[in-house]
Amino acid sequence: MGEYITSAAILELGYRVSAAQQDSVDLVAWFEGDFFRVQVKSAHLRKQKDHRPCYQFQNAAGRMKKTLPTLEKFDILAHCAIDQRRVHFTAACCVNQYTQRRPISWFDKPDIECDSWHRAVQIIMETRNG
Numbered sequence: 300m301g302e303y304i305t306s307a308a309i310l311e312l313g314y315r316v317s318a319a320q321q322d323s324v325d326l327v328a329w330f331e332g333d334f335f336r337v338q339v340k341s342a343h344l345r346k347q348k349d350h351r352p353c354y355q356f357q358n359a360a361g362r363m364k365k366t367l368p369t370l371e372k373f374d375i376l377a378h379c380a381i382d383q384r385r386v387h388f389t390a391a392c393c394v395n396q397y398t399q400r401r402p403i404s405w406f407d408k409p410d411i412e413c414d415s416w417h418r419a420v421q422i423i424m425e426t427r428n429g
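Convert by adding 299 to the 1-based position in the sequence shown; the result is the number in the numbering used here.
Hints are computed from structural coordinates only; laboratory data are not their basis. Among the hints, erroneous ones may be present.
Stated by the list, open to error - When the alpha-carbon atoms are kept at most 25 Å apart in a straight line, the in silico SDA-like pairs for lysine to any residue are as follows:
hint : residue 1 : residue 2
1    : 408       : 345
2    : 364       : 323
3    : 348       : 411
4    : 372       : 399
5    : 408       : 372
Stated by the list, open to error - Simulated restraints on C-beta separations:
hint : residue 1 : residue 2 : range
6    : 343       : 319       : 31 to 41 Å
7    : 383       : 350       : 34 to 44 Å
8    : 349       : 307       : 31 to 41 Å
9    : 382       : 361       : 21 to 31 Å
10   : 355       : 323       : 12 to 22 Å
11   : 425       : 348       : 14 to 24 Å
12   : 393       : 333       : 15 to 25 Å
13   : 429       : 344       : 32 to 42 Å
14   : 426       : 397       : 14 to 24 Å
15   : 424       : 347       : 11 to 21 Å
These figures come from a predicted structure and were not determined experimentally. Where is the CB? At the ideal position from N, CA and C, for every residue including glycine.
The task is simple: from the sequences and hints, build the whole structure.
Below you can see the structure in the form of structure tokens.
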């Protein structure tokens, strides 16, 4: 379900998107000849006894040895809050935690999808162009 929510968010931003069934890539987004490989991490709201409800995303990959995302694997990591149907995008090279917890309010920001997408794309383009 997270891939569909993320696809809709990317389409609303004016990009084209397609599903890509590969190991590290869930979606491919493109606009005017620029392509971006997207990995989607989805989470439902976790309700814990002693803590406030939050979303917990597993950023790392690998069964035995966990590794952080790199630009060799994909370009953009999408955190999809399924319950709120909202997405936050991060350039893969900026991810430095194996797991991330986000409060409900993190996804309440009205422009979170647009702002985070454009920031991630900017970082990727700067990396590609040197």
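How the hints compare with the structure:
Proximity of residue 408 to residue 345 is assessed by CA-CA distance (about 20 Å); at most 25 Å being required, the pair is judged to hold. Distance restraint check for residue 364 and residue 323: the Cα-Cα separation of roughly 16 Å lies within the 25 Å cut-off, and the hinted pair is therefore satisfied. Simply put, residue 348 and residue 411 have alpha-carbon atoms about 28 Å apart, too far for the 25 Å limit, and the pair is violated. Proposed proximity of residue 372 and residue 399 is supported: the alpha carbons are some 19 Å apart, at most 25 Å.
Proximity of residue 408 to residue 372 is assessed by CA-CA distance (about 29 Å); at most 25 Å being required, the pair is judged violated. Distance hint check for residue 343 and residue 319: the Cβ-Cβ separation is about 24 Å, which falls outside the suggested range of 31 to 41 Å. Between residue 383 and residue 350 the CB atoms are about 18 Å apart, so this pair departs from the stated range of 34 to 44 Å. Range check, residue 349 to residue 307: Cβ separation about 35 Å, and the 31 to 41 Å hint holds.
A hinted range of 21 to 31 Å for the beta carbons of residue 382 and residue 361 is consistent with their spacing of about 27 Å. A hinted range of 12 to 22 Å holds for the C-beta pair residue 355 and residue 323, which are about 20 Å apart. Restraint check, residue 425 to residue 348: a C-beta distance of roughly 44 Å breaks the suggested window 14 to 24 Å. Checking the proposed 15 to 25 Å range against residue 393 and residue 333 shows it holds: the Cβ atoms sit about 18 Å from each other.
Range check, residue 429 to residue 344: about 41 Å between beta-carbon atoms, so the 32 to 42 Å window is met. Look at residue 426 against residue 397: about 22 Å separates their beta carbons, and that is inside 14 to 24 Å. In this structure the supplied range 11 to 21 Å is violated for residue 424 paired with residue 347, their Cβ-Cβ distance being about 39 Å.
Checked against the numbered hints above, the structure violates hints 3, 5, 6, 7, 11, 15; every other hint is satisfied.
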